Amino acid sequence: MRHAEDERFLAGMKAGDAKLFGVEFPSSNINWCDDESINSRMTYTLIETPFTPQSTAARRRRPHVFQEKIRVGYLSSDFFASHATLVLFRGVLELHDPDLSEVTFFCHTDPDHAATDTGWRALQPSLVSVRDMTDAQAAETIRAAGIDILIDLKGHTKGGRGGILNAGAAPIQVAYIGYPGSGCGIDYDYIIGDRFVLPDSSKPYYHEKFCRMPESYQANDDFYRPDPPPLPRSALGLPADRFVFASFNAARKISHRTARLWARIMRQVPDSVLWILCLGNLARDNFSNWMVDQGISRDRIIMTGGLDYGRHIARLKAADFGLETYPVNGHTTSSDKLWAGLPIATFKGRHFASRVSESLLNAIGLPEMVAEDEEAYEALVVALAKDRQRLAALREKLQNNRTTTPLFDTLHFTRHLECAYRMMIDRAKAGLDPDHFDVPPLP
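Residues in the sequence shown are numbered from 1 upward in steps of one, following full-length UniProt numbering.
Quick caveat, the hints were computed from the structure, so don't treat them as lab data.
Incorrect hints may have been included.
[What the hints assert, rightly or not] Below, simulated BS3-like cross-link-like pairs (lysine-lysine); rule was C-alpha separation at most 25 Å, straight line: (1) 397 to 14; (2) 69 to 209; (3) 253 to 317; (4) 69 to 203; (5) 253 to 14; (6) 348 to 397; (7) 397 to 317.
[What the hints assert, rightly or not] Simulated restraints, written as ranges between beta carbons of each label pair: (8) 285 to 430: 57 to 63 Å; (9) 239 to 122: 39 to 45 Å; (10) 235 to 68: 17 to 23 Å.
Predicted model only: the values in this text are computed from it and were never measured.
Where is the CB? At the ideal position from N, CA and C, for every residue including glycine.
Kindly produce the complete structure, drawing on both the sequences and the hints.
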C-alpha cells in the first residue's frame with residue numbers, strides 16, 4: 001500500500017519524465033497504475049534479445065509449411081498441476097481435438113516446482129524442456145518442431161522467457177492468460193482477450209492485434225477442478241453469527257485504494273468481518289494497523305494461510321461475499337469464488353487487469369454485478385450485505401448459472417480457441433499481416 005510513492009511516480013510519468021518508464025517492470029506497474037497509456041510505455045525488462053520491425057517481418061517471411069493439422073506450441077514455466085495457470089487451463093489442453101491439432105509443450109519450469117507436480121507432467125508425451133537452452137537455442141528447437149502458432153503463457157510474469165519469441169520461434173506468436181496487459185518488448189502478433197478486457201479503446205496502447213473470444217477470454221476447467229462440500233465455519237475460525245467478507249488475493253493486490261474501499265464497506269456493515277489470505281507477520285501487522293486507523297477493530301480482521309486446492313474451494317463456500325481488489329482484480333481467485341458459488345461484484349476498470357472480473361461475471365450471466373464505478377460498487381455490496389434475502393437469491397442464481405452459462409463450459413471454450421487459431425493461420429497462409437478480429441460464437 002505504497003500510496004504516496006505511487007502518486008509521485010504517476011505525476012512524473014504524466015509529466016513525461018522518460019527515465020521513470022525504465023525503472024519498473026511492466027508487471028509491477030499494472031499493480032498500481034490503471035492508465036494504459038503509461039502501462040504500454042514501460043521499458044524495463046530482463047529480456048536480452050530485443051525485437052525490431054525488421055526482425056518481426058523476417059520471422060513472418062521465413063519459409064514455413066502449414067499442415068492440415070494445426071501445430072500448436074505452448075511455452076511456459078508453469079507446467080505443474082498446482083499453478084493457477086494449469087488450474088484454469090488443464091481441461092482445455094486435454095480437450096484439444098486431436099484430429100484438428102497437434103500440441104507440444106515447451107517447458108522452462110523450475111525443477112523444484114516440477115517436483116511438486118501431482119502427475120500431469122508424466123501424462124504429457126510431447127513435453128520438451130527448453131529451460132537450460134539460450135533464447136536462440138529454444139527458438140531453433142521450436143522452429144525445428146514445425147510449430148505454426150506459439151502461445152506464450154507467461155508474458156512479463158515471473159519466469160517469462162520473452163527473448164525466445166524475440167528470437168523468432170514461430171510464424172505466429174500469441175500472448176495468452178499469463179500476463180494481463182500488453183507484452184511491451186515481446187514480439188507478439190496477437191493477444192487473446194474479449195470485448196471486456198480488450199475494448200476498442202485499448203487498441204492504441206497495444207502493439208499486438210486483438211483476438212477477442214466471444215464470451216470470456218479466461219479458460220476454466222470444469223472437470224479437474226474440485227467441488228467439495230463446504231467446510232463448517234467452526235473449523236475455519238469464523239464466527240457463526242457475523243457477515244463474512246472474503247478475499248484470497250495476493251497481498252500485492254491489496255492497494256491503498258482497495259483497503260480504503262474495504263474499510264468504507266465494513267464501516268457500513270457493522271456486523272461484518274473480513275477474512276483474508278495473509279502470509280508473513282509484517283504484512284499481517286501492516287494491514288491490521290492500517291485498518292484499525294480506519295476504524296475497523298482487529299477482531300474484525302481474520303487472517304488465514306494456504307490450504308490444498310480442494311479444501312480452499314470448500315472454505316470459500318463458508319463466506320458470504322467475495323470482495324474485489326483494484327487495480328488488479330482477482331483472476332483465478334475470482335474464478336474460484338464463482339466456482340465455489342460465492343458471489344462477487346466488481347466495477348468497470350481502465351486496463352486489462354482491472355476488467356477481468358467484469359469478463360467473468362458477464363460470462364456467467366451476472367452482468368448486474370458489474371457496477372459503473374467504485375462508488376456504485378460500494379453501494380451495491382453494502383446493499384447486498386444488508387439484504388440477506390436478495391443475497392440468497394443471487395447465490396441461488398449463481399449456483400444455477402455455473403452449469404448453464406459459458407464460463408465453466410470447458411469444451412465450448414476449447415472449440416472457440418481452436419477457431420481462433422484457425423483464423424490466425426488462415427490469415428498467415430493468405431500472406432496477410434495480423435489484424436484485429438473477433439471469434440464468432442459457436443452454437
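Evaluation of the provided hints:
1. For the suggested pair residue 397 and residue 14, the alpha carbons sit about 44 Å apart, so the restraint of at most 25 Å is broken.
2. Restraint check: the Cα-Cα separation between residue 69 and residue 209 comes to about 24 Å, which is no more than 25 Å; the hinted pair holds.
3. Proximity of residue 253 to residue 317 is assessed by CA-CA distance (about 22 Å); at most 25 Å being required, the pair is judged to hold.
4. Under the criterion of a C-alpha separation no larger than 25 Å, the hint pairing residue 69 with residue 203 is inconsistent with the structure, at around 31 Å.
5. For the hint linking residue 253 to residue 14, the alpha-carbon distance of about 23 Å falls within 25 Å, and the restraint holds.
6. Restraint check for residue 348 and residue 397: satisfied, since their Cα atoms lie roughly 22 Å apart, inside the 25 Å limit.
7. Distance hint between residue 397 and residue 317 is fulfilled; the C-alpha atoms sit about 15 Å from each other, no more than 25 Å.
8. In this structure the hint that residue 285 and residue 430 lie 57 to 63 Å apart at CB holds, the actual value being about 60 Å.
9. At about 44 Å, the beta-carbon gap between residue 239 and residue 122 stays in the expected band of 39 to 45 Å.
10. Separated by about 54 Å at the C-beta atoms, residue 235 and residue 68 break the suggested range of 17 to 23 Å.
Hint violations for this structure: numbers 1, 4 and 10, all remaining hints satisfied.
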